[in-house]
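So the chains spell out like this:
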Amino acid sequence: MAEVLVYVDHVDGAVRKPTLELLTLARRIGEPVAVALGNGAGDTAAALAEHGAVKVLTHEAAEYADYLVVPKVDALQAAVEAVSPAAVLVPSSAEGKEIAARLALRLGSGIITDAVDLEAGDEGPVATQSVFAASFTTKSRVSKGTPVITVKPNSAAVEAAPAAGSVEALDVSFSAQATGTKVTGRTPRESTGRPELTEAAIVVSGGRGVNGAENFAIIEALADSLGAAVGASRAAVDAGWYPHTNQVGQTGKSVSPQLYIANGISGAIQHRAGMQTSKTIVAVNKDAEAPIFDLVDYGVVGDLFDVVPALTEEIKTRKG
Amino acid sequence: MSLRIVVTVKYVPDATGDRHFADDLTVDRDDVDGLLSELDEYAVEQALQISENSGDDVEITVLTVGPEDAKDALRKALSMGADKAIHVEDDDIHGTDAIGTSLVLAKAIEKAGYDLVISGMASTDGTMGVVPALLAERLGVPQVTLLSEVSVEDGTVKGRRDGDAASENLEASLPAVVSVTDQSGEARYPSFKGIMAAKKKPVESWDLSDLDIDAEEVGLEGAWTTVDGAAERPARTAGTIVKDEGEGGKQLAEFLAGQKFI
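Just so you know, the protein sequences line up as chains A and B, in that order. So the mapping is simple: this note's numbering equals the position in the first sequence, first residue as 1, plus 1. So the mapping is simple: this note's numbering equals the position in the second sequence, first residue as 1, plus 774.
A portion of the hints provided could be inaccurate.
Estimated spans, in silico, between C-beta atoms of each pair [to be verified]:
#1 G321/A x G959/B: 46 to 56 Å
#2 S925/B x A289/A: 44 to 54 Å
#3 G241/A x G829/B: 24 to 34 Å
#4 G194/A x E884/B: 28 to 38 Å
#5 N212/A x D804/B: 36 to 46 Å
#6 T930/B x G321/A: 27 to 37 Å
#7 E1019/B x G194/A: 31 to 41 Å
#8 A289/A x D986/B: 15 to 25 Å
#9 S85/A x G959/B: 41 to 51 Å
#10 D981/B x A161/A: 25 to 35 Å
#11 T800/B x T318/A: 47 to 57 Å
These are calculated hints, taken from the structure and not from any lab test. Quick reminder that beta carbons are idealized off the backbone N, C-alpha and C, glycines included.
Please model the entire structure based on the sequences and the hints provided.
Encoded structure:
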């Protein structure tokens, strides 16, 4: 059976959920071989084996943290040359897409980004993408070289599928470009204790109607009652009420949770581009004419300052 | 010292229009108005700010690849304050994918001459966000991408990249490829004077032969990916909408409980 390379997104050995989802998709087209790089790479093996990796190629070097993107491209290229895989799958983060693009160009291969589903096909893997603010669905495939495909978070279920997960050291020699862009400082983001926005099963978002940074507390309280991540519209971010890292939309994150609750968000096309693939959509807005109501499974026309706290209370009561 | 900045921009269909596909599964550009991709305005703005903050002689060239109408995107950038423009236009370019686009851009950037390339973080139509990285790979220069802050001094570009897990400070020697996010600073509106001045600024037109690119390397035929099908997403079935008359929160909780979210 053909091998499929899966690039592992991890933090000091802790594998992030989108990588485990990729292992599920990789099994549809071949045998997953994971590539884990940098500090803690070897520590990823147990989690990867539990989710189907037959082999884990690891390489630890300071270059991965000290320089931007290119060292990881060099390593993936070495892995492709060692394994000759049927495809390379990379999580669709901002960095993941940059790594995948440079790798594809070096391999003389086509690239597909932001796939939301993946199946085996007669002429190689077929990727489903969601385009034009999720108003169209396309089916695409790579027609030249080794398919390099990035996949969005929440595109597949994480499934346990115990496999050998034997660890092998990957032999990497860095290119002249590897040290071109120095990382001269790094400030880790403070953890809020809430799930990662793109990975969360539930996202609770606030927009212009929240009307002030201090009022985001009621959005956070609702999120916490549901174990959800907090999102914000561009209007709320531009007003300085919430950090850009939480922005949902065309120029922020695109999310695809089981449940999306939009509060005080009108639903401009730019916002819809980032949340329209959510499975269930709920909105609370004063304006009955707001376009967000065209998308919802359930909508409440009302003042979010009344509805949201009441909802939070009711959830807490029901959860006991 | 002088600094040559090339800003890559894209002419895109207006996202508020009714975008769809043509028969060959490329984006139908005829039915929707086009404009300068909003995210590229941030790239033009940062080029202008680098120029304004520099003691050196700075020349800003805006570059686009696209059909005749794409000149509108160049005019907008020129009216903001860029010095000159290059338009790569060729019938054989229709249907080119991101890899092919990066080839045309890289050849044009090399022909124009550059110390710094600045791009937006992504186009607002394809939204792949891979072209800046592809340009760095093709040009063999550092990529300093997704910056929310950028500065250039003494042949070095510095910037801040805000990622999911951390904010990183980056540094590279010129020449380099930079991309900027919509957090880098609000783009200026063209002044009347700027709009008038733009009409007199030079716009060069190049085709594939000017760049020594064979038609087979680009276009639908030269694309390394194939779109086999496109389907309009089925309209969502109309949801339940209630008016809050004191019970809206409870009713919503009831719905969420029914869907097993609580």
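Worksheet item: Is the distance from the Cβ of S85/A to the Cβ of G959/B consistent with 41 to 51 Å?
Response: holds, 46 Å
Item to complete: Take a look at whether the Cβ-Cβ distance between G194/A and E884/B falls inside 28 to 38 Å.
Response: violated, 49 Å
Worksheet item: Okay, G241/A versus G829/B on CB: inside 24 to 34 Å?
Response: holds, 32 Å
Discussion item. A range of 44 to 54 Å was offered for this pair. Does it hold for the Cβ distance of S925/B and A289/A?
Written reply: Taking Cβ atoms as reference, S925/B and A289/A lie about 47 Å apart, which means the hint holds.
Practice prompt. Note whether the CB distance of A289/A and D986/B lies within 15 to 25 Å or breaks it.
Written response: The hinted range 15 to 25 Å is violated for A289/A and D986/B, with Cβ atoms some 59 Å apart.
Worksheet entry | Cβ separation of T800/B and T318/A, checked against the hinted range 47 to 57 Å | holds, 54 Å
Discussion item. Verify the CB-CB distance for G321/A and G959/B against the hinted window 46 to 56 Å.
Written reply: Holds: the Cβ-Cβ distance is about 49 Å, inside 46 to 56 Å.
Worksheet item: So does D981/B sit 25 to 35 Å from A161/A, Cβ to Cβ?
Response: Given range 25 to 35 Å: violated, Cβ gap about 56 Å.
Worksheet item: Does the Cβ distance between E1019/B and G194/A fall inside 31 to 41 Å?
Response: holds, 35 Å
Discussion item. For the hint 36 to 46 Å, verify it against the beta carbon of N212/A and that of D804/B.
Written reply: For D804/B against N212/A, whose Cβ atoms are near 42 Å apart, the range 36 to 46 Å holds.
Worksheet item: T930/B and G321/A, beta-carbon distance inside 27 to 37 Å?
Response: Since T930/B and G321/A have Cβ atoms about 59 Å apart, the given range 27 to 37 Å is violated.
Violated hints, listed in ascending order, are 4, 6, 8, 10; each of the other numbered hints is respected by the structure.
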